[in-house]
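With chain A's structure known, arrange chain B on it following the hints.
Here the protein sequences line up with chains A and B, keeping their order. Residue 14 is where the first sequence starts when you use our numbering, and the numbers rise one by one after that. Residue 14 is where the second sequence starts when you use our numbering, and the numbers rise one by one after that.
It should be emphasised that the hints constitute simulated quantities derived from the structure, not laboratory data. Some hints could be false.
You can't tell identical chains apart in this list, so a pair holds if it fits in one copy or across any two.
Unchecked claim - Subject to a maximum C-alpha distance of 27 Å in a straight line, what follows is the list of computed BS3-like cross-link-like pairs (lysine-lysine):
#1 K298 <-> K58
#2 K181 <-> K39
#3 K295 <-> K222
#4 K181 <-> K295
#5 K111 <-> K43
#6 K111 <-> K271
#7 K298 <-> K271
#8 K222 <-> K39
#9 K260 <-> K24
#10 K24 <-> K181
#11 K43 <-> K271
#12 K43 <-> K181
#13 K43 <-> K260
#14 K154 <-> K142
#15 K273 <-> K142
#16 K111 <-> K154
#17 K222 <-> K58
#18 K260 <-> K273
There are 2 protein chains.
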Amino acid sequence: MNYESSMNFYKNLIESGLANYLSGIKNIEKNLMESMGYSLLSGGKRIRPILMMAFHELFGGNPIDIIPFACSIEMIHTYSLIHDDLPCMDNSNLRRGKPSNHIAFGEELALLAGDALLTNAFDIITSDKILNLFNAEKIVKVTNLLSSAAGASGMVSGQIIDLSINEKNANINLILDMYMKKTGLLIECAAQMGAVLANASDEQLGIVKEYGRVIGLEFQLVDDVLDIYGDENVIGKPSGSDNKNNKHTYLSICGLEKTKEKIRDLTCEAVDILNDLGEGTKFLKELTVSLGCRVS
Amino acid sequence: MNYESSMNFYKNLIESGLANYLSGIKNIEKNLMESMGYSLLSGGKRIRPILMMAFHELFGGNPIDIIPFACSIEMIHTYSLIHDDLPCMDNSNLRRGKPSNHIAFGEELALLAGDALLTNAFDIITSDKILNLFNAEKIVKVTNLLSSAAGASGMVSGQIIDLSINEKNANINLILDMYMKKTGLLIECAAQMGAVLANASDEQLGIVKEYGRVIGLEFQLVDDVLDIYGDENVIGKPSGSDNKNNKHTYLSICGLEKTKEKIRDLTCEAVDILNDLGEGTKFLKELTVSLGCRVS
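Chain A extracted, bound-state conformation (with noise of 0.2 Å):
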């Protein structure tokens, strides 16, 4: 399969997987079912479960078996957006080209919703279905290595030292420290779980976890980049909020000729990083390269 088709392999995999899942939820409320699918299966970029699923195949295992895995770090992902736009957070009433989720249905219902969202992502890869199909260690294992990395000492850290970046105290190393934090972890987290389920060694998994974490921060200087001189027709929000919002950001410190430069080096990097891991990792270049130069 060239790119284009893996890619859409991997997506349409994701998107079936996602609205399966939620459409068999039982005992749910209707609205908030709604609620979780308004933000869940409204056509996010999938970047998370597609390197899931991208490492799990070059170590050798079958994308449609972590299914419920990729779904699981897309909730996450989904719930931090959800509760992230919420007025007491970062009040964005624009996410994805829509209205955000609490603009759709009251800020009760968006809170809920992703406490929902966050909660299920750890019963869909806990179902007896999983336990069929996987060794038991190997989903305790990723079970941990994704509530670490979405939890206090991840993501929820991440969020909290952007709220804490002002005029003052803002520097670079605290902000690589938030992005990676933030934004890194829970990507550098997919590329391991997709890896850790197809058995991938120490070694290898050492690797993985290095890969992802270059992709995590040349992601975020990306969205960086986007958000100040993106199109908004096509990022789905409106184009400047940064700025609007007085943030600090690596690109507001560096410029955009330096980050630009970053993002390229970055980019070399995870590609060289890659080649350690052998044959088999041409989709997971491509996918690098790409993300270092997407316009949303």
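Chain B only, in chain A's frame:
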């Protein structure tokens, strides 16, 4: 050990378990840890973890082994209280005799502390230490019980029903469904987790589940009564808040006498169910009775 000694023994294990876990979280922002600790270590009744430990012991387990699991359910209970108190939900300023989390730390931090407690509940029960102590399949099973009871089919749907009940649709069946989901399922889950981790048989698990369902309802009905008739210095929040918020409860529909009678009936039913589990249920019986006549 007599009842009081057992209660103190369990409670001490839980309090120190929660404090140790929280202080051991690495790379966490200081204010996030403070906000999490403010609500987590504020001396709740710890009913859910106590039930878990008591059932674990009943089936031959050592409560010390399951401290992380006991902590996890209390972390989920605590997150639900923090989010429930937020302005967009119940807008409660007082909890356990202290300002609510968002009053003390602001809405952003309260939201994120809740998110972190929920996420880390799945971290604490999937660590390498836990994998060394318990069969991995059992860990996956109780993780699934927990996420299922707390998630979209369970506690979160209970919250949604609670928000939806009004003058026009209020009826006993809807209220009982809300109680079961909002409060009952997590209590039932606590008892089941303790039993599963001690390798109880399927037949025993069925009885534990039945007990959990009855005690969960008993617990919620006593809450209704305490909200209206309790001493606010003892319950730690203003009494009459259900009246003030015009909440429709079992009590508001059936009246005090019928509610008290129902509590007594449920207490007797729960004690009867425990008889089906044979010897060793003395502590659980005393707990059942004391939950029925608690004043806070």
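Structure-based check of each hint:
1. Taking the shortest Cα distances, K298 and K58 sit within 27 Å of each other inside one copy (17 Å), while across copies they are farther apart (54 Å).
2. Taking the shortest Cα distances, K181 and K39 sit within 27 Å of each other only across copies (26 Å), while inside one copy they are farther apart (50 Å).
3. With identical chains, the CA atoms of K295 and K222 are at most 27 Å apart within one copy only, with a shortest distance of 18 Å there and 51 Å across copies.
4. In this assembly of identical chains, the alpha carbons of K181 and K295 never lie at most 27 Å apart, being 44 Å within a copy and 61 Å across copies at closest.
5. Taking identical chains as interchangeable, the C-alpha atoms of K111 and K43 lie at most 27 Å apart only when both belong to the same chain, with a minimum of 21 Å there against 35 Å between chains.
6. For a Cα distance limit of 27 Å, the shortest separation of K111 from K271 qualifies neither inside one copy, at 32 Å, nor across copies, at 49 Å.
7. When the C-alpha separation of K298 and K271 is checked against a cutoff of 27 Å, the pair qualifies only within one copy, where the shortest distance is 23 Å, while the shortest distance between copies is 69 Å.
8. Within a single copy, K222 and K39 get their C-alpha atoms only as close as 36 Å, which misses the 27 Å cut-off; across copies the closest is 18 Å, which meets it.
9. For a Cα distance limit of 27 Å, the shortest separation of K260 from K24 qualifies neither inside one copy, at 32 Å, nor across copies, at 45 Å.
10. In this homomeric assembly, K24 and K181 never come within 27 Å of each other (Cα to Cα): the closest approach is 42 Å inside a single copy and 44 Å across copies.
11. Taking CA atoms no more than 27 Å apart as the test, K43 paired with K271 passes in neither setting, with 49 Å inside one copy and 32 Å between copies.
12. With identical chains, the CA atoms of K43 and K181 are at most 27 Å apart between copies only, with a shortest distance of 19 Å across copies and 46 Å within one.
13. Taking identical chains as interchangeable, the C-alpha atoms of K43 and K260 lie at most 27 Å apart only when they sit on different chains, with a minimum of 22 Å there against 37 Å within one chain.
14. In this assembly of identical chains, the alpha carbons of K154 and K142 lie at most 27 Å apart whether taken from the same copy (17 Å) or from different copies (11 Å).
15. Proximity of K273 to K142 under the C-alpha cut-off of 27 Å is found in neither arrangement, the shortest distances being 45 Å within a copy and 43 Å between copies.
16. Taking the closest pair of Cα atoms, K111 and K154 never come within 27 Å of each other, the shortest separation being 36 Å inside a single copy and 38 Å across copies.
17. Taking CA atoms no more than 27 Å apart as the test, K222 paired with K58 passes inside one copy only; the shortest distance there is 21 Å, against 42 Å between copies.
18. For the identical chains of this complex, K260 and K273 are intra-copy neighbours only, at 18 Å inside a copy versus 56 Å across copies, given an alpha-carbon limit of 27 Å.
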